[in-house]
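Chemist: Here the structure of chain F is known, so what remains is to put chain G in place on it, guided by the hints.
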Amino acid sequence: DAKTTQPTSMDCAEGRAANLPCNHSTISGNEYVYWYRQIHSQGPQYIIHGLKNNETNEMASLIITEDRKSSTLILPHATLRDTAVYYCIVRVASRGSTLGRLYFGRGTQLTVWP
Amino acid sequence: KAGVTQTPRYLIKTRGQQVTLSCSPISGHRSVSWYQQTPGQGLQFLFEYFSETQRNKGNFPGRFSGRQFSNSRSEMNVSTLELGDSALYLCASAPTGDEETQYFGPGTRLLVL
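So the protein lines, in turn, are chains F and G. Residue numbers for the first sequence follow the working numbering, so the first one is 1 and each next one is one higher. Residue numbers for the second sequence follow the working numbering, so the first one is 1001 and each next one is one higher.
With the rest of the complex left out, here is chain F:
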C-alpha cells in the first residue's frame, strides 16, 4: 500500500473551511484514498473515500488531483467538535490477503479555535 504524508498539525477558526492536505505520490491506479478521523479517546470514524473523482458527503468533501498524487479533505464549516486527528489512508479496496486491514500513519491534528 502506498505511503502518505500529512502535516503534523493544523489550526482552523470555527465556521471557516478546514482544508487538510495529503500527499500520496506513489499511489497506484487501483488504490483508493480513505479519510478517517479520531476524536480524543474515541475510536476512529470513517469520513469519506474516493478513487479519482471528487467526492462529497454530509461530513466532508474530498478533492483528488488529476494525477492522483495528492488530495485534500475539506470540512466546509469547521466546528469545535471537528477537533481531531485526521488520517489519510491509501490502499487497494478489498484486496486478497490485506482485506479488512487499514494502515494508519500519524495523521494531522486539527484544532478548531472558537
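Calculated from the structure, these hints are not laboratory results. None of these values were measured; they are calculated from a predicted model. Certain hints may be false.
Just some of the chain F residues that point at chain G, by a computed CB distance under 8 Å [said to hold, decoys possible]: (1) Gly-43; (2) Pro-44; (3) His-49.
Ideal Cβ placement from N, Cα and C applies to all residues, glycine included.
Modeler: Chain G only, in chain F's frame:
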C-alpha cells in the same frame, strides 16, 4: 443500527495475567478487525476475522490471539501480560465487500501494572 460495542471499557491488570476483551459488531457485519493504539506506535493492526476464520494477522507475538463466533461477535485474548501491552484496544466491523469502510467501537483501555 446500534454501533460497535466493546466490553469492558476500562481494565487494570498486573504483569503475567491474561485478559479477554469482547467486541460485538454492527448487525449484519461479518468482518471484525482488532487494532492496538499506543502513544509510541500509533494504531497498529492486530488481526481480522471473517465468518469465524482469521483472515489476516499483524506483527504481534503469539500471546495475542482472537476468535470469532457464529454470531460474528469476537474476542481477543492477551496472555502473560507485559507492561508494554498497556494500550487502547479497538475493534472495528465492516460490511462484506466494503471492508475498508470500517466502523470502530469506543475501545477498551487496558492498563498493565
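Chemist: Are the hints correct? Go through all of them and say.
Modeler: Now for the hints, and whether the structure bears them out:
At about 3 Å, the closest approach between the beta carbon of Gly-43 (chain F) and any beta carbon in chain G falls short of 8 Å, and the interface hint on this residue holds. A distance limit of 8 Å between C-beta atoms decides the matter here; for Pro-44 (chain F) the minimum to chain G is near 5 Å, and the interface restraint holds. With a cut of 8 Å, the hint placing His-49 (chain F) at the interface with chain G holds, because the nearest CB-to-CB distance is about 7 Å.
When the structure is compared with the earlier hints, no violation turns up for any of them.
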